[in-house]
Amino acid sequence: MGLTITEKILRDHCQNKGATAGDFILVDVDKCLANDITAPIAIEVFEQVIRGTRKGVFDPEKIILIPDHFTPNKDVASAAQCKILRDFAIKHNITNYFEVGRGGIEHCLIPEQGLVTTGDVFIGADSHTCTYGALGAFATGVGSTDLGVALTLGKCWLKIPESIKFRFFGNLREWVSGKDLILYTIGKIGVDGASYKAMEFSGEVISRLSMANRFTICNMAVEAGAKNGIIAPDDVTSSYLDSIGATQGKSYQSDYDAEYVETIEINCEKIEPQVALPHSPANTKPISEVNDMNLEIDQVVIGSCTNGNIEDLRITAKILKNKKVQHNLRCIIIPGTQETYLKAIKEGIIQILVKAGAIISTPTCGPCLGGHMGILGEGERALSTTNRNFKGRMGHISSEIYLSSPAIAAFSAIKGYISSPILI
Amino acid sequence: MKGKVIKYHQKNINTDLIIPAKYLVKKELDFLANHCMEDLDPDFADKVKTKNYSILVVDSNFGCGSSREQAPLAIKASGINYVIAPSFARIFFRNSINIGLQIIEFSNINEIETGDVLEIDVNSGEIYNSTTSKHYKIKKQPKFLQEIISDGGLVKFAKKKLI
Numbered sequence: 001m002g003l004t005i006t007e008k009i010l011r012d013h014c015q016n017k018g019a020t021a022g023d024f025i026l027v028d029v030d031k032c033l034a035n036d037i038t039a040p041i042a043i044e045v046f047e048q049v050i051r052g053t054r055k056g057v058f059d060p061e062k063i064i065l066i067p068d069h070f071t072p073n074k075d076v077a078s079a080a081q082c083k084i085l086r087d088f089a090i091k092h093n094i095t096n097y098f099e100v101g102r103g104g105i106e107h108c109l110i111p112e113q114g115l116v117t118t119g120d121v122f123i124g125a126d127s128h129t130c131t132y133g134a135l136g137a138f139a140t141g142v143g144s145t146d147l148g149v150a151l152t153l154g155k156c157w158l159k160i161p162e163s164i165k166f167r168f169f170g171n172l173r174e175w176v177s178g179k180d181l182i183l184y185t186i187g188k189i190g191v192d193g194a195s196y197k198a199m200e201f202s203g204e205v206i207s208r209l210s211m212a213n214r215f216t217i218c219n220m221a222v223e224a225g226a227k228n229g230i231i232a233p234d235d236v237t238s239s240y241l242d243s244i245g246a247t248q249g250k251s252y253q254s255d256y257d258a259e260y261v262e263t264i265e266i267n268c269e270k271i272e273p274q275v276a277l278p279h280s281p282a283n284t285k286p287i288s289e290v291n292d293m294n295l296e297i298d299q300v301v302i303g304s305c306t307n308g309n310i311e312d313l314r315i316t317a318k319i320l321k322n323k324k325v326q327h328n329l330r331c332i333i334i335p336g337t338q339e340t341y342l343k344a345i346k347e348g349i350i351q352i353l354v355k356a357g358a359i360i361s362t363p364t365c366g367p368c369l370g371g372h373m374g375i376l377g378e379g380e381r382a383l384s385t386t387n388r389n390f391k392g393r394m395g396h397i398s399s400e401i402y403l404s405s406p407a408i409a410a411f412s413a414i415k416g417y418i419s420s421p422i423l424i
Numbered sequence: 425m426k427g428k429v430i431k432y433h434q435k436n437i438n439t440d441l442i443i444p445a446k447y448l449v450k451k452e453l454d455f456l457a458n459h460c461m462e463d464l465d466p467d468f469a470d471k472v473k474t475k476n477y478s479i480l481v482v483d484s485n486f487g488c489g490s491s492r493e494q495a496p497l498a499i500k501a502s503g504i505n506y507v508i509a510p511s512f513a514r515i516f517f518r519n520s521i522n523i524g525l526q527i528i529e530f531s532n533i534n535e536i537e538t539g540d541v542l543e544i545d546v547n548s549g550e551i552y553n554s555t556t557s558k559h560y561k562i563k564k565q566p567k568f569l570q571e572i573i574s575d576g577g578l579v580k581f582a583k584k585k586l587i
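Note that the protein sequences, when read in sequence, are chains A and B. For the first sequence, position 296 matches number 296 in our numbering, and the numbering has no gaps at all. For the second sequence, position 131 matches number 555 in our numbering, and the numbering has no gaps at all.
If we strip away everything but chain B, and leave its shape as in the complex, we get (with noise of 0.2 Å):
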């Protein structure tokens, strides 16, 4: 996967700021896309769909607070195919796993900057920064996790292996 990167080099990003709970009145995906990161960043929607971000880069604790699934199906709707943070908040974590949006755990992110275009490859524990020529390795998920993400989320997961 080769993706352009939107950075916010902030720790503890929460629940709120990804999207205010006065949004949390529907469920419908446009809708929270709109309004994902609205509080830290008003143009953020605008600039994923018209820069093509597609790799959301951000400090540790990413996703701290509430256990609102509205966070990452906000971010996915929005464009975000990746999230690369040093650490996830742990309902955030486990959110993103459920619903299908790749998250990475990644200690460099001073060396990644907004625009920089970035190949992923999570089978081989590979992210290659082709603006900075700059190779990584990055940490596998556990084989558990491997399968409910390569399932494509927990409801297939469930469909498949639990019913």
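If we strip away everything but chain A, and leave its shape as in the complex, we get (with noise of 0.2 Å):
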């Protein structure tokens, strides 16, 4: 019997060779991240591990990490987490240390910046690390303890996970992104549908997807209760990495006769625009029937690790070229790096939403689970780019998160309500 792509990427970070899914392994990690959120306690952690040894961490060049949850820092007990984190990094000499104005939201930050590659084991003291898997390597999230002890042995326990193979075919309607392909595919599978396991995406739909939309695919993987999200590298994934001029690693495959808990065909002739209402990622709905429900927003957020990239940010200046945002609407945009920002102002993207009545917001996580940048009211409603709609997770506990790609949040600014770009 073969094995998936994931089971060789792991085989091959550990010293059992012959070890298959549901083996448990040390894993050798090569690279590992943490944010503001989770450093302080990995720190400690370290701490607490290294103490009475001679070890400290075990590679610099390793170790990322991001101040990008509550920055800038948007109070005082947030500006205490992210000094533990600068003064780790001087301490220690991590060079992959992201300042704010450096860097941006982690996950669109590090594949910019060539920190990951095909083939890597990456771990991240952060859920949405499994975006990576969108460049044929096996990244997961993991907690701080995790993480602290990586800091000084470079190595994680982990299950080798089994396998779902989703196979994507057909074409793709208008306006249908990697985001609504995702969200159908947690709406039909739900929450806890994909649990420890990892899910790999395949098929011509897949292939014929620009890098971008593989990374928001990857992105929400954890939304079904996945271990990693993974597609296989292909000229797309080369493409992208000699663009950034980005080491290529080695290139997995999953054998033709590797074995999986199950293979899911996903027909996207059928897929319209997606939109996951209150409270779960897997409360899904098609575009025309959610226009239907005539609901208004209060404001509407496009950014974050799920859809910050410059592509989402042209897709969104597109459509809100000479056209305003409901009046009395928040329409907030965040740019996923400083690079990405930087490109969007070159490109004319800003001023394009600026004259349209939005805000644009440093990179940050901000909004996404309630830190700051956009915290909504009591009964607000809000459409939103990001990844997760848990009930009051973005500000007040009645308040409601309505999740879409970018596309149709940018027609819902114009409207006011959550509406189908069919109608506009």
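Quick caveat, the hints were computed from the structure, so don't treat them as lab data. It is possible that some hints are incorrect.
30 Å max Cα-Cα, derived DSBU-like pairs, lysine-lysine [claimed, not checked]: (1) K159/A with K564/B; (2) K563/B with K17/A; (3) K55/A with K17/A; (4) K391/A with K188/A; (5) K17/A with K431/B; (6) K159/A with K250/A; (7) K321/A with K355/A; (8) K8/A with K500/B; (9) K580/B with K561/B; (10) K165/A with K435/B; (11) K567/B with K159/A; (12) K83/A with K446/B; (13) K431/B with K391/A; (14) K62/A with K451/B; (15) K451/B with K91/A; (16) K475/B with K159/A.
Taking the hints as your guide, dock the two standalone chains into a single complex.
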């Protein structure tokens, strides 16, 4: 029996050369990541582990620290958390520490900086670390203790996951993006539909998708409970890595006779743009149905680690060009990184967005997790391109979050209610 | 171990409900414990303290969402020693193992109610509900995880076995 791409990568990163799905292994990590919420605890753990030993960090170049959640510091307490990262980075010569103004949202920034490549094992103390599976890497979210131990040992315990294969076929309908495909998939299998498993995305539709769309798909694998999302590397992956000057890693592919717990075929011809209704990313409906619900919105958020790419901003600008955001609606747009922000300025995107009445935020996770930069008040409703619409996540417990692609969010910002582009 | 149950019969209780992000600006355990589960039940922390609840029983996919370790830390700091659910979300599961919060996968949660007194023996894999006088078998964790659990969490395991 053959092996999946996930099994192959993990087997090559551990001592047990016969390991397959279901086996517990200690995996050697190529890179590890933490942010301003998870690093302070991880650093405490690190100190506990090395106490009484001569150990330090396992490799300062393989550690990435990014203050992005509550930054620019939203209050004194978050300033203290960020200081812990900064001090640690200085003390241990961590070169991949990205200060505010030189970085951005971790999962947009890391691929852009070429800090992850095909065939890598990447662990991050952030659930959306699974984003990098889009490059044919094994990337998964862990907690602070895992990360703290990895900081000194460069290892992490894992159970090699079984895989579910998703095969997307057919042609995409107009306005359908990677975001719609992943929302549709989560709606189909549920928030625990891929628990502990690898979601392997394949098929002709995936082959034709840009890297930005692939990142979006893998980013939300965790919303179906998955350990990792993964897309086998191909020409699109190579061109992307070349374009950013990143090193090509080892290109793994699943064997033709690899074992899957399930294969799910998805006919894309039938998929409309999707919206996830409160309070679950699996509570999805096609836009035509949601349009008829006449759901007025108070806020639109376009950005986040899910949709903060330049492609997302381009489509937003295309729709908002020479249009106005509905007069009593706040439209908050967040470029994922400083580089994306700069590109958007150069391409004239920012000017279009500001003229339309949108506000541009510095790269931050901010409103996605109810941190800052757009908290919802009592009873307010938002349409957001982020990844979670849990009750109260963006602010008041009575507020509502709907999830969509940037295109649907931009159209809806003009109309003032969640609306279908076909009717504009 | 003997303890009293507090139960929330709800699926997919996510990490935002366990500890909202607005409280992640501090890592002090007492602070986290005071806000634990507050969007689900504002009186959770008080109830656990005043009524001596030590076993939290919840429905499936408990702890889904973020990787924040503050979620199991807040539960543990609130005074809960065991969490029982038909299933746990992946990162919550590993965080609990790593910090030494005991979690038990058990599907018959319909037969346990708030206030029930349970006797739990993870070594023999048994639960006895002394309120209803019923015995149950529970699945043991794989050997690899049992080692981390018996060492008292990943830090001690790492110090003992890996350094």
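Comparing the hints with the structure gives:
1. Between the alpha carbons of K159/A and K564/B the distance comes to roughly 16 Å, so the proposed pair stays at or under 30 Å and holds.
2. Between the alpha carbons of K563/B and K17/A the distance comes to roughly 28 Å, so the proposed pair stays at or under 30 Å and holds.
3. In summary, the hint linking K55/A to K17/A is supported, as the alpha carbons are separated by about 27 Å, within the 30 Å threshold.
4. Of the pairs offered as hints, the one joining K391/A and K188/A holds, with about 21 Å between alpha carbons and a cut-off of 30 Å not exceeded.
5. Proximity of K17/A to K431/B is assessed by CA-CA distance (about 44 Å); at most 30 Å being required, the pair is judged violated.
6. Under the criterion of a C-alpha separation no larger than 30 Å, the hint pairing K159/A with K250/A is consistent with the structure, at around 22 Å.
7. Restraint check for K321/A and K355/A: the C-alpha separation of about 8 Å stays at or below 30 Å, so the hint holds.
8. Of the pairs offered as hints, the one joining K8/A and K500/B is violated, with about 37 Å between alpha carbons and a cut-off of 30 Å exceeded.
9. For a cut-off of 30 Å, the pair hint linking K580/B to K561/B stands: about 29 Å separates their Cα positions.
10. Taken as a hint, the K165/A and K435/B pair is honoured in the structure, with Cα atoms around 26 Å apart against an allowance of 30 Å.
11. Proximity of K567/B to K159/A is assessed by CA-CA distance (about 12 Å); at most 30 Å being required, the pair is judged to hold.
12. Between the alpha carbons of K83/A and K446/B the distance comes to roughly 18 Å, so the proposed pair stays at or under 30 Å and holds.
13. Restraint check for K431/B and K391/A: the C-alpha separation of about 20 Å stays at or below 30 Å, so the hint holds.
14. Distance restraint check for K62/A and K451/B: the Cα-Cα separation of roughly 25 Å lies within the 30 Å cut-off, and the hinted pair is therefore satisfied.
15. For the given pair, K451/B sits about 21 Å from K91/A by alpha-carbon distance, which is consistent with the 30 Å threshold.
16. With a C-alpha separation of about 38 Å, the suggested pairing of K475/B with K159/A is violated against the 30 Å cut-off.
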